[in-house]
Amino acid sequence: MSKESILAAIRRNQPEARPLPDPPVFNRPGVDVLAHFCQMVHTVGGNVLYARDLESADTLFTHYYPLEKSIASTCPDYPGTVDWAAIAHPLDLETVDLAIVSARLGVAENGAVWVTEADCGHRVLPFIAQHLLIVLDMHQIVPDMHTAYQSIRIDETGFGAFIAGPSKTADIEQALVIGAQGARSLTVLLR
Amino acid sequence: MQHAQKAAHFIADEARTDWHDEALWFVRHKRDLAANSIPEWESLRECASQIKDHTLSNLANYLEQFEANARANGVHVHWAADGAEHNQIVWDILRRHQVKRLVKSKSMLTEECGLNDFLEQQGVEVTDTDLGERIIQLRDEPPSHIVLPAIHLKKEEVGALFHEKLHTEKGVSDPKYLTEAARGHLRARFIAAEAALTGVNFGIAETGGVVVCTNEGNADMGIHLASLQIHSMGLEKLIPRQADLGVFTRLLARSGTGQPVTVYTSHHHRPKPGGEMHIILVDNGRSAHLGRKDFRNGLKCIRCGACMNTCPIYRRSGGHSYGVLIPGPIGSILSPGFDLAKNSDLPFASTLCGSCSDVCPVKIDIHQQLYKWRQIVAQEGELPPVKKWGMAAAGNILASSRRYTFFGKAARIALDKLPRFLVYNSLNTWGKRRELPQAPRESFSEWYQKNKGGKRV
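Chains A and B are the protein sequences, given in the same order.
Heads up: the first sequence at position 172 corresponds to 179 in the numbering used here, and the numbers run straight through without jumps.
Heads up: the second sequence at position 159 corresponds to 218 in the numbering used here, and the numbers run straight through without jumps.
Each hint should be verified, as a subset may be incorrect.
Which chain A residues face chain B? A few, computed with CB under 10 Å, are given here [as the list claims (entries may be wrong)]: (1) 63; (2) 64; (3) 67; (4) 68; (5) 83; (6) 86; (7) 131; (8) 153; (9) 167.
Hints were generated in silico from the structure; no laboratory data involved.
Every value quoted in this text rests on a predicted model; they were computed, and no experiment measured them.
Ideal Cβ placement from N, Cα and C applies to all residues, glycine included.
Construct the complete structure from the given sequences, taking the supplied hints into account.
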């Protein structure tokens, strides 16, 4: 182990103490966080639905996801077809067409939502499913990443992620392609 | 071969040079739009710079705090003095778990350590899973950019490569079609892999966790499907607090690609149930660089790539012309610290225009460091003969007003009277691909004397 020699070299070479600034706070008077959030979800390639516009949970599936057969849900209000008791290994989720998970928080400035493993059944679910539906309480939207990190504890669960829109890449000639390795579409269902 | 020679080869194809230049300028433009949409942008940059300054000044304590918190989270922490030790640690972990197939997510650090070659020699199948990285892995070449590894390739070249390696339709180069083909190919690799390895964007001392930022979701697919996860992290990736992520996640993607945030900002703190999680802290020259007063700022880099996208030299010479893993302005100030003799030409691969420093989200004084490296290169006797004697001659002429007046006049006459072949030849690099300006008839000094009747100045 090189730990001691590395730390000794760093102690020898690191500069004299510099101050740590306080985390910045930016007040944004008059900003409509809900409207801004919806706009940014679209900007990052996602969609927004309002639960109040759905006649019933069935409307969600018949109208918006008519072709998706295998649905893995962790939201009791929108039950899926996958029986969680039968999922022994994350690889069993490989055939999921649609994943439905709830998010704790939305961020207006970039359309991201905070999803933890506690809401996923398994960590891989939001990434391996072909399509992703995020259920979010519209009162849980904060203006920016500073307030987002004030509102959560990143080590509360073993894994958590901010997810902003569907998976994408521009690695071939800077042409934007939606649906790289993760979800091909992302919809935020606000209630 | 030196940067200038490789760059000459690159720009020989003029249309392709223009295309490369414009592709990167497009990314730079998107960065401007994203930065300008944030009124507090400049104060964010200043804050990020101060957080990194502070962290570097207290790095040893933060590393110890990070390690203690990670261990308390059930994570195995390793320390590697150099690339060889890093690779050995990875191999020991893989061997213990009898891993035959490893999926990797984009990591410049493992490129730096030469991990892929090493593991392949041990019989491990390594798959890079970021689309751009997979493309260059299949082509068996290094990345040409730290964020856009295949930016030097045209879609037709990717189409031909995929036809050969992934059996896509011949002659088809639609990016959507090619990306879909890669998706299928990589899904099979994710499912078959027994272990996943990623780089790290940020390590948080306060919580002992790591943050990995991607757009494709490849890092998460790999990590969550395999029971064994390994994160290789350069020492300088550390930040003190969870709250500091608020600053850096706002700057990183906006600076790199002009996105408001990366699609996935994943926080890993504990292994999955039944799984194992390792973090390898890698020095490989970083602690030594910390001791170089004029250059330690380079360790603040968060690898966004903005300095490359804006650099007029990078855009017109391509990443491969630098001959080092991290090209562009940031690479040109980091590489001489690792090997001055080998990389002594890189501080000269710049116009010193300062655009790199202007876009840097953590305010690294890149162009000033380039200038300082030039002086060290000269002091250490690493200048090529043309520059060495040229600078000595120029110094001699500029030190004396009589010699300056004489040679100024000689140059004006030469430019005016000499036949072209004597002015535009291989000895005069200033005459390559450009017309020299028309020489004025007289110097300012002569003009002043004539018109103002003053003393000779």
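Okay, the hints, checked on the actual structure:
Here the hint on residue 63(A) is broken, as its CB sits about 31 Å from the closest CB of chain B, past 10 Å. Taken as an interface hint, residue 64(A) does not check out: its beta carbon lies about 27 Å from the nearest beta carbon of chain B, beyond 10 Å. Because the beta carbon of residue 67(A) sits about 23 Å from the nearest beta carbon in chain B, more than 10 Å, this interface hint is broken. About 24 Å separates the beta-carbon of residue 68(A) from the nearest beta-carbon of chain B, more than 10 Å, and the hint is not met.
The beta carbon of residue 83(A) comes no nearer than 22 Å to any beta carbon in chain B, farther than 10 Å, and the hint placing it at the interface is violated. The beta carbon of residue 86(A) comes no nearer than 23 Å to any beta carbon in chain B, farther than 10 Å, and the hint placing it at the interface is violated. Proximity of residue 131(A) to chain B holds as hinted, the smallest CB-CB distance being about 4 Å (cut-off 10 Å). Interface restraint check: residue 153(A) against chain B, minimum CB-CB distance 4 Å, threshold 10 Å, status holds.
At its closest, the beta carbon of residue 167(A) sits 5 Å from a beta carbon of chain B; the interface hint therefore holds under the 10 Å criterion.
Violated hints, in rising order: 1, 2, 3, 4, 5 and 6; the structure is consistent with all others.
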